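There are 2 protein chains.
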Amino acid sequence: MKYGFADRVRYFGSSAVRDILKVVNKGNVISFAGGLPDEELFPVAAVDAAFHKAITSGNKALQYAETEGLLELRAQLANRMLKKGINKEPDDILITSGSQQAIDLFSRVMFNTGDIILTENPTYLAALQVFSSYETKVIPVDSDEDGMIESDLEEKIKAYKPKCIYVVPTFSNPEGKVWSQARREMLLKLAEQYHVVIMEDDPYGDIQFDPASMPNSLAAMDKGNEYVVYTSTISKTVVPAMRLGWITGPHQIIRLIAQAKQAADLHTNSISQHALLHLLNDYDLDAHIETIRSTYKERMEVMKRCLDEADIEGLTYLEPKGGMFFWVTLPEHMDLESLLPIAVENDVAFVPGQPFYVDDKKRSTMRLNFTNSSPELIEEGMKRLTALLTSVHA
Amino acid sequence: MKYGFADRVRYFGSSAVRDILKVVNKGNVISFAGGLPDEELFPVAAVDAAFHKAITSGNKALQYAETEGLLELRAQLANRMLKKGINKEPDDILITSGSQQAIDLFSRVMFNTGDIILTENPTYLAALQVFSSYETKVIPVDSDEDGMIESDLEEKIKAYKPKCIYVVPTFSNPEGKVWSQARREMLLKLAEQYHVVIMEDDPYGDIQFDPASMPNSLAAMDKGNEYVVYTSTISKTVVPAMRLGWITGPHQIIRLIAQAKQAADLHTNSISQHALLHLLNDYDLDAHIETIRSTYKERMEVMKRCLDEADIEGLTYLEPKGGMFFWVTLPEHMDLESLLPIAVENDVAFVPGQPFYVDDKKRSTMRLNFTNSSPELIEEGMKRLTALLTSVHA
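Protein chains in written order, with UniProt numbering: chain A, 1 to 394; chain B, 1 to 394.
Hints were generated in silico from the structure; no laboratory data involved. The structure presented is a predicted model; accordingly, all values stated were derived computationally and were not measured. Treat the hints with caution; some may be incorrect.
Each pair may be met inside one copy or between any two copies, as identical chains are not told apart.
Distance condition first, Cα-Cα at most 30 Å in a straight line; then the derived DSBU-like pairs of lysine-lysine [said to hold, decoys possible]: (1) Lys156 - Lys2; (2) Lys297 - Lys83; (3) Lys321 - Lys158.
Let the hints inform the model, and build the full structure from the sequences given.
Right under this line is the structure:
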């Protein structure tokens, strides 16, 4: 039979990143493609103990639970955010199935067909997928390495009257960029002036290579809790498979998100929630995050050295101050999407930059992940990759 | 600031059932209100062992995973469904965060604003909430105790050209009804004739008090895998907190649901998925389901005896052949919604029937859950409830 689907399915699309991931999980391919943390660093024993405690400390923990999430866990997350200057009531925090669901639920309560969202360009691929599934229109704002540029942002706010400005200001995906404090203040000032909600997506904020130098979170700067909706996750610092994230922001928005969440899946996995609560109580997560930081920083430095030593003409990158990615730009005549299959034949993989762009899609960029391979594999994989780039370049 | 929300939030609403649940969790109230399984029956040791195995048997299990769900788990679920005559490829099964998410994702790929869905009346409250959040229009079909009535169903299919017919044919919520085999055949025949997709929601199918007498699942009857989308869950047979359900049906629909799922939350909690796989391999779930069946059947019989002995004039009910609920009808002049606060003062709670209706909302009905209280508490709670009903009635 011929099915009549919703109009929105026209805007669906499988993620290019995930399609590539399916291919490169086979054989000897060294993959810089995914956005995966290193599973060797997972705190398995602590996670095991936390789940055991969650499951055996009372049958109520295995029953249906509140849509908003476990109150004690929300209080713990409020405490952790407070250390970053983000001051939120547990009542204004909602637990989600990863921060991907936070983006989806936020979109569900905010966007009508045709609504405008301003973003960086390039930006997080799977956020673009969510936005387009709500039949919105995404308009990119010109940026440099410090963040969005004031004149272009203000012009586009005036011209398009956007419903929201979506940003990943700290170790952006894919660019690995950190917005300067001045640009953050500028963004918040314009949001207040023109009454636009900001969504601050912060999955990587904890993975800082130099914590001392960090600017403030936008959510910390939004003292009246009026303009910034903030989402984060434990997927990069504990384990992705627990599927736990959270969203916080203006009370009215979070209340509506709770209603949307109830229809979407009743509540987030509560065994995971209880387990995370035990883990935060019993385990030194901050020490573990220090280990992650220093391990990933070392790997970033290995990859940087490989890029520098290859000395490919016209190759540029921004040195990541944290997060998981290098964003590499090559001379404009190079088409990295068509190079990917050849790279995979040579047992190395990356993500071409194209799908991360809203428009003006550059074919000569790529994202390299440095967290999911050991220093030795990074050396070997970069040898394969830079050899290929050099040969194509010549 | 004044926020501009999506139009769909006008159709959101907190569930009356959940709002009541929040109240009755305090004090000495004996609650027949929720739809909760009995947590005393949870197989805690088996769940604990399964999670331990899931977490410690390889770090890959804690990494990001496939959107569709763990392939071995989908194969296991296919095997279990096959025993009920439902023949599906693992590739046409997608793991969801409970069957609530299955209803939501199905809605996301199927419905445009203004689309028509035919349902029973009353029907599952939280499905109605999902459907209205997609700004669809729900049209109720006349039913009797055997299921929808052919003439009214055909008339409404012709008149409204519905996108979907949503049914809970086995131990319906709230009515606890089982559709006859003849009505099931009629429904499928009309769906084929008029090219309408059926959503068969089957959360309670395993909780049969007399397994020998069961008619076929609609999904088992849809030999070409063309017309029936089927969803079920382990929330009633293992534990709700694992938040695991699944959806299966026509290949094209399940593929689109996978794309919707990717945007919605990337993938379902994979520690839970691995744990369920181990549980299905290592634990005799069928024996456990037998225990649940006999325990709940006994409780149903206690509640039935209490209803019969109270001998309230004009009170009628259908004896449940499975599931978790009695649906009680009282004389039309009685308003059970306004009686609820008085019942709670008398330390007993129920759900008024009103929110389960699409239209023609009857104030004189209520749903009583018999699975979450011991026989002793059912006796005591029913004493309180029937005394109140008798006094109001007089």
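Tested hints:
Taking the shortest alpha-carbon separations for Lys156 and Lys2, only the inter-copy value of 21 Å comes in at or below 30 Å, while the best intra-copy value is 42 Å. Proximity of Lys297 and Lys83 under a CA criterion of 30 Å is satisfied intra-copy only: 23 Å inside one chain copy versus 53 Å between copies. Taking the closest pair of Cα atoms, Lys321 and Lys158 never come within 30 Å of each other, the shortest separation being 33 Å inside a single copy and 63 Å across copies.
The structure fails to meet hint 3 from the earlier list, while all remaining hints are met.
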